[in-house]
Amino acid sequence: MEGDERSFRVALVAAELVNPRRGGLDALAVLERNGWGVMALPADWYPDAVAGPLLEQVAEQVDEFARHGYDVVLIGTRAGLDDALAKLGRTAPPALPQPGGAQELETFLHASATAAPR
Amino acid sequence: MPDAPPVTIAERGTRASILESVARVAFVAHCLLNQNAKVDGGARCPGVYSPLVDVLRERGWELQQMPCPELAFTGLNRFWAVREQLDTLAFRRHCARIAQAVAAAIEAHVARGDDVVIVGLEGSPSMGVRVTSSDPARGGRPEWPDGAPELTAGRGIMVEELLSELERRGVPKPRAGGITHVLPDHDPAAERAQLVALLDGG
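Top line first, the protein sequences correspond to chains A and B. Per numbering that gives the first Met the number 0, the first sequence starts with residue 0, numbered consecutively. Per numbering that gives the first Met the number 0, the second sequence starts with residue 0, numbered consecutively.
Please note that the accuracy of each hint is not assured.
[What the hints assert, rightly or not] Going by beta-carbon spacing under 8 Å, a handful of chain A positions derived as facing chain B:
#, residue
1, 18
2, 27
3, 52
4, 53
These are calculated hints, taken from the structure and not from any lab test. All C-beta atoms, glycine included, are put in the ideal place defined by N, C-alpha and C.
Isolated chain B, as found in the complex:
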């Protein structure tokens, strides 16, 4: 392989500063860095979901964390919920407020030329990107059986609000994908491959 052409210190500094200033930034669902935010029974590890961080770090991506829309609204003692239970005007307003904050940050990164992706949580009623949970009949005393067929194609409410807010601001829609560790057919290797494809898709 031939040597790179010689550059002056000034040129090298300029190139370095360009490389440093053009970052790759992943906006990740809150719980992927903090499993303590999960609904009771949902934490898959003590704190940080390592498989996500490992891939992002290996490929030189920065992390930014989105707030958890459910934590501050329905709290740590919330029940497991499907989309229909959360899809109220009040929860939409709450998500819209978070979406404005996150979209402003994404807009700031895009304005300086950064590559931005969104990493949500598949199966979540709030943070699902391609898979959410739905059951129009669910409500009342929680007696539904384990394994109820609630997973369905679609976005979570917070992701919908975020993409809507980005569109309103004229910010190009970032690439988006989701971690799959809560899905019953979770395959760690497939999850990693999908994440790599998302990151490398720019």
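Isolated chain A (complex conformation):
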């Protein structure tokens, strides 16, 4: 992948950590700083009829990343994600369900990063 700067690292991130309330953990900033790509999960307030099709898309994309050996992790939680992954025969990726702060998240990310495939 000459000239391609991808990290081969993808984090599924709960909506409230992508768009934190004032004083909340800004996971997007931590992931950006550490070179991880982000897949933002549907907002918690979306009705199931809205969130379900979006989660189907997330699962299909996770499947493609996993097939190619990319690191995939889950930051936070999202109801319905496990079911969407299970329909494709996938289990939930390694997760940090409740990151207590930026330092804890960075430690988790460093521990989750394996040798990037080339």
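Given chain A, put chain B in place with the hints provided.
Coordinates of chain B only, in the frame set by chain A:
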């Protein structure tokens, strides 16, 4: 500057809740938060495209991410492609399925009074808003030269399907613009100015 008129705690709470409930929400192309979804050779940074996020955060916009229509259809090992190569019934159906999911989310935001914009990727055969890529003759063994004049005015297929689905639902068409970092004449300052104009245009 005169002080704001006094308000009761209840009034202040109501005003705050109104401000919090009326959000500004940007639906952004998948790859702008995840460059790992790009076609081989196309990732401009490891993960998140910071210039976009910086502007959105500075101006108080929430982010929602649209699925990448090419990633789940033609996969990570796909070739670079122009519109004509992707414009099949099967790819249209795939985009329409994604468009229904995204349009439902946009509809939910619009229903509660949120200001919504779409941020695509100029030059993309799928996610271009004003610039896409086109070459009716392209196909077969990939031997085309670098710099082939494939960029042209127009929308990508996914953006077309999304706007069509919003119209079908009776949802007012959101303001839309695109990030330009894949265009040969990319100018970071101009890109930022166009993005600010898009966000402030409401």
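Exercise for review: Hold the hint about residue 27 of chain A up to the distance rule: shortest CB distance to chain B must be less than 8 Å.
Suggested key: 7 Å, holds
| request: Answer holds if the nearest beta-carbon of chain B is closer than 8 Å to that of residue 18 of chain A; otherwise answer violated. | output: Constraint on residue 18 of chain A satisfied, holds at 4 Å.
- request: Against chain B, run the beta carbon of residue 53 of chain A and see if the smallest gap drops under 8 Å.
  value: It holds, given that the least Cβ distance between residue 53 of chain A and chain B is near 5 Å, below 8 Å.
Classify the hint on residue 52 of chain A as holds or violated, based on whether any CB of chain B lies nearer than 8 Å to its CB.
OK, holds: residue 52 of chain A within 8 Å of chain B, min 4 Å.
The structure agrees with every numbered hint stated previously.
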